[in-house]
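Residues per chain are reported as follows:
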Amino acid sequence: MLTTALICLPLFGALSVFLLPAPKQWVGSLALFFSLAELALWISALTRFDFGSAHIQYEQRHSWISDLGISYHVGLFSFSLWLVGLTVVVMTAAVAYGLWARRERANAYYALMLFLTAAIVGVFTAQDLILFYVAYEAMMIPLYVLIGVWGGAGRLRATFKFVAYTMAGSLLMFATIVVYGASHGFDLTTAQQSGSVWLFLGFAAAFAVKAPLFPLHGWLADAYRESPPEVAALLSGVVSKVAVFGFLRIALTQFPGPSHDLRALLLALSAVGLVYGSLLAFRSPDIRGVVAYSSLAQMSLIGLGVFSQNELSLSGSVLQMVNHGLVSAALFLLAGLIEIRTSTGALSRLGGMARGRPILASLIIATGVISLAVPGSNAFAGEFLILAGVFQRGWGWAIPGLAAMVLAAMYMLRLVSALLHREVGEAVTKKTPDILLPELCLIGALLGCMLALSVWPAAVSKHSFACLTPATNSSGVSSQTAAQVGLACVSGAISSSATTGAAK
Amino acid sequence: MIKTPAVDWLTLAPSLALLAATIAALSSAVLVPERRRKNVSWFFCLTGYAGAFAAAAFLFDRSPHSRSVIANALFRDRYGALAALIVAGVGLLTTLVFYGERSTVDRVGERFALLASAGGGMILFAQSANLLTLFLGLEWMSISLYVLCALERERPEAIEAGFKYLIVGGFSSAILVFGSAFVYGATGTLNLAQIAGKAPSGDLLLISGLAMILVGFAFKASAAPFHTWTPDVYQGAATPVSGFMAGATKAVALLVALRVLSLSFSAQEHLWTSAAAVLAVASLVVGNLAALAQRDLKRMLAYSSISHAGFLLLAITAASSLGTRALLYYLIPYGAASVGVFALAALHERELGEPATLDNLAGFGWRRPLSGIALWIFMLSFAGFPLTGGFVGKVYLFAAAYRSGWTWLIIVGVAATLVSLGYYLAVVRAIYMRPDPDEKAVAEEEALLLDRMLSIAVCAAVVVTVGSFFAAQPLIDLARHAAGQLPL
Numbered sequence: 001m002l003t004t005a006l007i008c009l010p011l012f013g014a015l016s017v018f019l020l021p022a023p024k025q026w027v028g029s030l031a032l033f034f035s036l037a038e039l040a041l042w043i044s045a046l047t048r049f050d051f052g053s054a055h056i057q058y059e060q061r062h063s064w065i066s067d068l069g070i071s072y073h074v075g076l077f078s079f080s081l082w083l084v085g086l087t088v089v090v091m092t093a094a095v096a097y098g099l100w101a102r103r104e105r106a107n108a109y110y111a112l113m114l115f116l117t118a119a120i121v122g123v124f125t126a127q128d129l130i131l132f133y134v135a136y137e138a139m140m141i142p143l144y145v146l147i148g149v150w151g152g153a154g155r156l157r158a159t160f161k162f163v164a165y166t167m168a169g170s171l172l173m174f175a176t177i178v179v180y181g182a183s184h185g186f187d188l189t190t191a192q193q194s195g196s197v198w199l200f201l202g203f204a205a206a207f208a209v210k211a212p213l214f215p216l217h218g219w220l221a222d223a224y225r226e227s228p229p230e231v232a233a234l235l236s237g238v239v240s241k242v243a244v245f246g247f248l249r250i251a252l253t254q255f256p257g258p259s260h261d262l263r264a265l266l267l268a269l270s271a272v273g274l275v276y277g278s279l280l281a282f283r284s285p286d287i288r289g290v291v292a293y294s295s296l297a298q299m300s301l302i303g304l305g306v307f308s309q310n311e312l313s314l315s316g317s318v319l320q321m322v323n324h325g326l327v328s329a330a331l332f333l334l335a336g337l338i339e340i341r342t343s344t345g346a347l348s349r350l351g352g353m354a355r356g357r358p359i360l361a362s363l364i365i366a367t368g369v370i371s372l373a374v375p376g377s378n379a380f381a382g383e384f385l386i387l388a389g390v391f392q393r394g395w396g397w398a399i400p401g402l403a404a405m406v407l408a409a410m411y412m413l414r415l416v417s418a419l420l421h422r423e424v425g426e427a428v429t430k431k432t433p434d435i436l437l438p439e440l441c442l443i444g445a446l447l448g449c450m451l452a453l454s455v456w457p458a459a460v461s462k463h464s465f466a467c468l469t470p471a472t473n474s475s476g477v478s479s480q481t482a483a484q485v486g487l488a489c490v491s492g493a494i495s496s497s498a499t500t501g502a503a504k
Numbered sequence: 505m506i507k508t509p510a511v512d513w514l515t516l517a518p519s520l521a522l523l524a525a526t527i528a529a530l531s532s533a534v535l536v537p538e539r540r541r542k543n544v545s546w547f548f549c550l551t552g553y554a555g556a557f558a559a560a561a562f563l564f565d566r567s568p569h570s571r572s573v574i575a576n577a578l579f580r581d582r583y584g585a586l587a588a589l590i591v592a593g594v595g596l597l598t599t600l601v602f603y604g605e606r607s608t609v610d611r612v613g614e615r616f617a618l619l620a621s622a623g624g625g626m627i628l629f630a631q632s633a634n635l636l637t638l639f640l641g642l643e644w645m646s647i648s649l650y651v652l653c654a655l656e657r658e659r660p661e662a663i664e665a666g667f668k669y670l671i672v673g674g675f676s677s678a679i680l681v682f683g684s685a686f687v688y689g690a691t692g693t694l695n696l697a698q699i700a701g702k703a704p705s706g707d708l709l710l711i712s713g714l715a716m717i718l719v720g721f722a723f724k725a726s727a728a729p730f731h732t733w734t735p736d737v738y739q740g741a742a743t744p745v746s747g748f749m750a751g752a753t754k755a756v757a758l759l760v761a762l763r764v765l766s767l768s769f770s771a772q773e774h775l776w777t778s779a780a781a782v783l784a785v786a787s788l789v790v791g792n793l794a795a796l797a798q799r800d801l802k803r804m805l806a807y808s809s810i811s812h813a814g815f816l817l818l819a820i821t822a823a824s825s826l827g828t829r830a831l832l833y834y835l836i837p838y839g840a841a842s843v844g845v846f847a848l849a850a851l852h853e854r855e856l857g858e859p860a861t862l863d864n865l866a867g868f869g870w871r872r873p874l875s876g877i878a879l880w881i882f883m884l885s886f887a888g889f890p891l892t893g894g895f896v897g898k899v900y901l902f903a904a905a906y907r908s909g910w911t912w913l914i915i916v917g918v919a920a921t922l923v924s925l926g927y928y929l930a931v932v933r934a935i936y937m938r939p940d941p942d943e944k945a946v947a948e949e950e951a952l953l954l955d956r957m958l959s960i961a962v963c964a965a966v967v968v969t970v971g972s973f974f975a976a977q978p979l980i981d982l983a984r985h986a987a988g989q990l991p992l
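Protein chains in written order, with our numbering: chain L, 1 to 504; chain W, 505 to 992.
Misleading hints may appear alongside valid ones.
A short list of chain W residues far from chain L (calculated; beta carbon distances all over 10 Å) [stated by the list, open to error]:
| id | residue |
| --- | --- |
| 1 | V544 |
| 2 | A554 |
| 3 | D565 |
| 4 | R606 |
| 5 | S607 |
| 6 | S770 |
| 7 | V789 |
| 8 | E858 |
| 9 | P873 |
| 10 | T911 |
Here's a subset of chain W near chain L, in silico, CB distances under 10 Å, partners left out [unchecked claim]:
| id | residue |
| --- | --- |
| 11 | V534 |
| 12 | L535 |
| 13 | V719 |
| 14 | W870 |
| 15 | G888 |
| 16 | F895 |
| 17 | K898 |
| 18 | F902 |
| 19 | A904 |
| 20 | G917 |
Hints in this document: simulated from the structure, not taken from any laboratory. A quick note: this is a predicted structure, and the numbers were derived from the prediction, not measured. For glycine and all other residues, C-beta sits at the position ideal for the given N, C-alpha and C.
Start from the sequences and build out the full structure, keeping to the hints where you can.
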């Protein structure tokens, strides 16, 4: 029931927000109220979640189309619980930002944001392939309009690229799902594993576009630049995690053979994307470009962790997904706040903002420092776990990861210095205000989440895959070294839930 | 005394209800004073469709076993009854949309009479059990539609549409009847159930007949390469009529085609499945690519209906029970969305006084928030997006094609879907993302046309389009009962 409530509450919110005939601040406040209610609902799910159990929890199942064996089947694994948590936190921040930025056409805007929440939560909880695809595609409907209506000057071009890339991928996945489901069954907890490379590639291509992985990232820069900042925060913070979740939940667990055979390819693409994205971020002329390409790099790093498929790298990946979601959301919202003040994001026209704006400077530096993974931060814990796991898979794969950590420091420090230090840019005047209190609360809340995770990264990393719990800790020292344990755990968790499902 | 066959009145009831409505509407065109003529004839047409719907529902319930009645002229079965339900539903919504359509008073009665008459012909066509009644039903529906297209004779486009439809439709009927004659020559029977097995499966006469019958159906279903009439006719005909043709004519043409092919030509299955695959691919390619280039909304929808003919032909290609269920299910949200989208096009045209194009749709979604969302939903359903019945329909079609071994057709279908997003999303882009030329019109909401009948029809269409997604299983159960009565 709780899972269905997590999906339905924002849907209900979307409907009521759309129909509320009130001034836009009231509409926005109602939307924020629904986001906070969703957050509260998630916290109640978190407190009652049994992390010791590898079974699917809060499970609910209704036959939907019995003819083809399609059902409404939702539930949460521990790693999906964290991703749902990331979604509701980032979404609350995004709605709050929209309220602060006084978005026009408020009814439609907030209704779409809440609809998007429901769709993303649906993806993370779906246990049926068709339901998964339904939620996956339902994300596209609000995203298309959110970018196309409220975006920047080049928004039509950006939406075209975004839709062309992602729909090509997801329609390929649609055909794959139909073919796979018609022969293996649509229910993920009972579907048999398949050895078909073609079917694996059908899924992998869709997720690789969405993440994005290296050669399929063509839509990324335009979409992240032209979206409203809060939508860019959602895209890079949450929607990209959907793709990694897809790899974890479907591509790797249902296709153990092909994912083993093609591991070198996937790792190589991730490695190239990691270095390439970092270099592009270093060369980007504007704030959002830096964050967008750093997002490509970070997703590739998470990809390295996921495709290495061992216990360290998998739990590190889940931790890093949450970290990166929070960091990139905070960075995009900060970019938006700077753009509101100076009406530009071009680094050449900005600079010297630290003088007289201590809060802005502190927030940017704090977020930037976490993002470049200084030791002690949550991002450090995540990257360390991933790299330790990747090292077990093959030390060669860890080299691009280490190189990227250096590059991350370079592009992030370049961004910080271009914004805060150097001579005062032409777009910055004496009157350009510092961060105001509501803005501080907004960014501060995200930063608070990051700091909490820095203090206790094991909260996520140890509680992502139940069977891994004794194995890892945040310092990366592992008592088990069996390389195959990771994947076995994910699929083990799923197959054990299948047996309980059958028992019911 | 002449011996008459026993008449099963329930089987005839849906078409008889519409025939009675036709006569009543036609009489009211003469007998009722001008002032009330429109309302009275409209009411008769609406009652006719409602009666046909109720009768078809009753017939569906009372026909658990398929049998041919009235001297083997008609089938009394759930397959025909479900087809009648689809036709009556689409007709009911079309009648609501048609109410507000401008017309000179001297032809308003005829308009509703013809609309009811076309529906009656379609239902008879869908129930026919031999090639003679099949042709009778086909002509009944086609002749009504020819006139209905050309009825607004002040507009040259309407004359052009009616004339083109008449010529091409007459030609296709001729081909179909020619094919029927060949089949009769080869087998000595017109009875659909008896054709199979009467002649060797490789008989050249029989196969020529099969080919010609298939071409006749392809014309009516506007499948490429027999689609050339479609854009002109849809553009020229009164907008609600175009919606009716897209939703109902195509549906019965394909349903009857599947019945004839599976029942009478089961020995030639390898031939007609391949032919249907070719037609499907041609329709998907032509329909989708041509639709991309259109600026006129109705022309674009015409090409989109050609591409849907291609999708629906996948179900015929599958030639399985699953395929039949897919076809029957797909037609329900498709029919609703077709009527709905043409209703919104009609609304826009009445407001502007000129044809709806992608350019003058700018700002439509903000001016009319609810209509905008409805249009958005219909486009998503056409494109096969989730949360609409079009998605479940596509899942079914592709699953059916896959299980029958047509995996490459799925690839074509998916590629076609991707292309189709280009023009479906162009509509969404037009109504939301283009700057509104006269923003101040937004303020004067009172000035907006309020057509209550049309709004009811659009609401109903939205409910069916979205409802068929969430409540897919009950509809599929209906389709299963109906599909079980075909020998597949």
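Hint by hint, where does the structure go against what was stated? Just the numbers, ascending. 9, 10, 11, 12 and 13
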